[in-house]
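If you're matching positions, the sequence shown starts at 0 in numbering that gives the first Met the number 0 and goes up one per residue.
Just so you know, these hints were derived from the structure itself, not from any lab.
C-beta: ideal position from N, C-alpha, C; glycine also.
Simulated DEER-style distance windows between Cβ atoms:
(1) Pro39 / Ala138: 34 to 42 Å
(2) Asp124 / Asp65: 17 to 25 Å
(3) Thr183 / Tyr61: 25 to 33 Å
(4) Asp124 / Glu18: 16 to 24 Å
(5) Gly70 / Ala190: 46 to 54 Å
(6) Ala75 / Phe188: 43 to 51 Å
(7) Lys123 / Gly42: 23 to 31 Å
(8) Val40 / Glu99: 17 to 25 Å
(9) Val7 / Ala190: 44 to 52 Å
(10) Glu18 / Arg111: 22 to 30 Å
(11) Pro74 / Ala32: 38 to 46 Å
(12) Pro189 / Thr145: 43 to 51 Å
(13) Asn58 / Glu99: 21 to 29 Å
(14) Asn177 / Lys41: 17 to 25 Å
Listed below are the simulated DSSO-like cross-link pairs for lysine-lysine, each with C-alpha atoms no more than 27 Å apart in a straight line:
(15) Lys123 / Lys180
(16) Lys130 / Lys180
(17) Lys130 / Lys66
(18) Lys123 / Lys15
(19) Lys180 / Lys38
(20) Lys41 / Lys180
(21) Lys123 / Lys135
(22) Lys15 / Lys130
(23) Lys66 / Lys135
(24) Lys103 / Lys41
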Amino acid sequence: MSQSFHNVNIQSHLDKMEELTAEVNNVFGDLSAQQLGWKPVKGQWSIRECLDHIMTTHNQYYPQFDKIADGRYDPAFWQKMPAFWHSFWGGQLVEYLGPEVKRKSKSPAIFRPTAGRLSQHIVKDFTDSLKLLTRKMIAMDHVDHTTVIITSPVSRLVTYSLYDTLQIVVGHAERHVNQAKRVTQQPLFPAR
0 MSQSFHNVNI QSHLDKMEEL TAEVNNVFGD LSAQQLGWKP VKGQWSIREC
50 LDHIMTTHNQ YYPQFDKIAD GRYDPAFWQK MPAFWHSFWG GQLVEYLGPE
100 VKRKSKSPAI FRPTAGRLSQ HIVKDFTDSL KLLTRKMIAM DHVDHTTVII
150 TSPVSRLVTY SLYDTLQIVV GHAERHVNQA KRVTQQPLFP AR
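Using the sequences and the hints given, assemble the complete structure.
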């Protein structure tokens with residue numbers, strides 16, 4: 000059900016979150032713990048690690064999202080830089096972290112999954128995480144997403160608009176759900 004939003008991009012993001020939730024439940028919902036934890040080769044992520052990585056990434060943005068939603072947003076020095084600074088970084092990251100893999104790279108340490116955090120209920124945790132992200136997006140709709148500037152969780156020198164941030168977060172989630180789906184297509188993937 001569509002509703003009216005201040006920021007035109009919100010509805011498409013909400014639709015994508017709903018689509019990803021259905022896809023994850025469909026593709027991974029009935030997999031065993033062994034299947035969810037299986038790795039194609041050493042150094043590549045399992046389904047569980049792909050989904051955990053997405054949740055970990057989202058969690059890094061939530062403190063800023065909460066401040067924006069609650070009206071406590073106060074831009075720091077780097078967030079006050081001229082618009083071309085934010086546009087440059089935002090455009091680069093939207094392109095680089097989007098659903099289509101153009102080049103592979105290692106994720107920064109703060110975004111990597113760790114064995115101690117990997118849930119046995121990863122599919123439910125992941126879909127709950129997407130619902131939380133959806134609520135946070137709606138809660139931030141009262142501000143202009145093109146003028147509110149976010150600081151990257153990786154470096155305070157890297158800033159981009161909330162508009163770009165949401166494109167990054169949604170595209171990045173789609174990217175790693177696709178990566179997790181590719182794990183199930185490997186010839187040695189454990190049978191059900």
